[in-house]
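A.B. asks: Sequence:
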Amino acid sequence: MLRYILQSGMLGIGAYLVVADKASGGVMIASSILMGRALAPVELALGTWKQLAAARQGLTRLRDICKATAPPPAPPVMLPRPCRELSVQNLAVAAPGFDMPIVSGVTFSLKAGAGLALLGASASGKTSLSKALVGIWPAHRGAVRMDGAALDQWRNEDLGRHIGYLPQDVGLFDGTVAENICRFDENASSDSILKAAQIAGVHDIILRLPEGYATRIGAGGISLSAGQKQRVGLARAVFGDPFLIVLDEPNANLDADGENALTRAIAIMRQNKSIVVVISHRPSALSALDMTMVLYEGKAIAFGPREEVFARVRNANAKGAPGSPPAPPQAKAEPRASLAESVPS
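For what it's worth, this note's numbering labels the leading residue of the sequence shown as 1, then goes sequentially.
Rather than coming from a laboratory, the hints here were simulated on the basis of the structure. Since the model is a prediction, treat every value here as computed from it, not as a measurement. Some clues are possibly wrong.
As the list claims (entries may be wrong) - Subject to a maximum C-alpha distance of 30 Å in a straight line, what follows is the list of computed DSBU-like cross-link-like pairs (lysine-lysine):
no., residue 1, residue 2
1, 111, 299
2, 273, 195
3, 273, 111
4, 195, 111
5, 50, 67
6, 299, 273
Said to hold, decoys possible - Ranges of calculated distance between the beta carbons of each label pair, as one might list FRET restraints:
no., residue 1, residue 2, range
7, 184, 43, 53 to 59 Å
8, 57, 273, 49 to 55 Å
9, 222, 273, 33 to 39 Å
10, 158, 297, 33 to 39 Å
11, 61, 25, 53 to 59 Å
12, 4, 53, 40 to 46 Å
13, 219, 100, 30 to 36 Å
14, 287, 58, 50 to 56 Å
Ideal Cβ placement from N, Cα and C applies to all residues, glycine included.
Sequences are here, hints too, so could you generate the full structure?
C.D. replies: Written out as structure tokens, the structure is:
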């Protein structure tokens, strides 16, 4: 607008001077051209102002992303392999980018060799808690500690060797079966890969594949069945004898043989003084565990020895006795989510 006002004013004054015989027409035209040249940089800046603002916002976002994804500084001291205890202290867990906790006020501790069954209805926070236990989601409040040290006190590569995790959706990578089991560790020995496969009970299944352990499985393990992927994922979780193993619905796609292999693997890892945490609704996967925690709406309503908690849940479902942990209302509507069905008769 300022440009048009100045140009119109310049032409008006020039016309007046020409009419008054104080300037020639050529001077008027030349003055108008000079003024246009003088205002050209301002016009260009105004024309590209949107792009400049967008570039500035993009640079700010890039800086924020770089800060958020930058690796944490390496601890000055390498901690030894944990071997005694997993403790959770007043833990609250929120999804990344959100402030509303999904799980809050969870406190418990497990000694080496313990096995914990994590039970609860759908959307009670079991998977969120499991992600915080293995360090995928940071603690919103509280802390997860192994042998007294919080997870962020270990270097990432060291922490990865101490923790095994099998998520609901088994994420396998485009590579060989052996590479997926050993987590693509170039220094992994054949004995350690075979040991993990044998603990998971998948060794014979792998040998029947076209190229055995050298079989390429494609992105996401596309060449394997759902049950085979789950058992290879279990072998990856137990690879290297980690101190903490978290299994989220590890038997969702397993047949009877697979469930028996899973139960044996849990028993073997517990004998090796690993702590095993299992999320499952099938009693067969819980029989090899000695401790139980029940989550309801993101809070732990029961924790203790398996038989004691199962007895309390059975009483609560049958009688609604005061002082016993209430059964989640969803449990009666959803057979798979029923706590009563998870209790061995």
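A.B. asks: Hint by hint, note whether the structure agrees.
C.D. replies: Evaluated hints:
At roughly 22 Å between alpha-carbon atoms, residue 111 and residue 299 fall within 30 Å of each other, so this suggested pair holds. Taking the CA atoms of residue 273 and residue 195, the gap is near 16 Å; set against the 30 Å cutoff, the hint holds. With a C-alpha separation of about 9 Å, the suggested pairing of residue 273 with residue 111 holds against the 30 Å cut-off. Distance hint between residue 195 and residue 111 is fulfilled; the C-alpha atoms sit about 24 Å from each other, no more than 30 Å.
About 26 Å separates the Cα atoms of residue 50 and residue 67, which keeps this hinted pair within 30 Å; it holds. A threshold of 30 Å between alpha carbons decides the hint, and for residue 299 with residue 273 the separation of about 28 Å falls inside it, so the pair holds. For the pair residue 184 and residue 43, the beta carbons lie near 56 Å from each other, so the given range of 53 to 59 Å is met. The hint said 49 to 55 Å for the Cβ distance between residue 57 and residue 273, and at roughly 52 Å that hint holds.
Range check, residue 222 to residue 273: about 36 Å between beta-carbon atoms, so the 33 to 39 Å window is met. Our hint of 33 to 39 Å for residue 158 and residue 297 holds, since their Cβ atoms are close to 35 Å apart. Evaluation of the 53 to 59 Å hint for residue 61 and residue 25 yields a pass: the beta carbon distance comes to about 54 Å. For the pair residue 4 and residue 53, the supplied restraint of 40 to 46 Å is violated, since their beta-carbon distance comes to about 23 Å.
The given range of 30 to 36 Å is respected by residue 219 and residue 100, whose C-beta atoms sit roughly 34 Å from each other. In this structure, residue 287 and residue 58 meet the distance hint of 50 to 56 Å, their C-beta atoms being roughly 55 Å apart.
Taken one by one, the earlier hints fail for this structure only at number 12.
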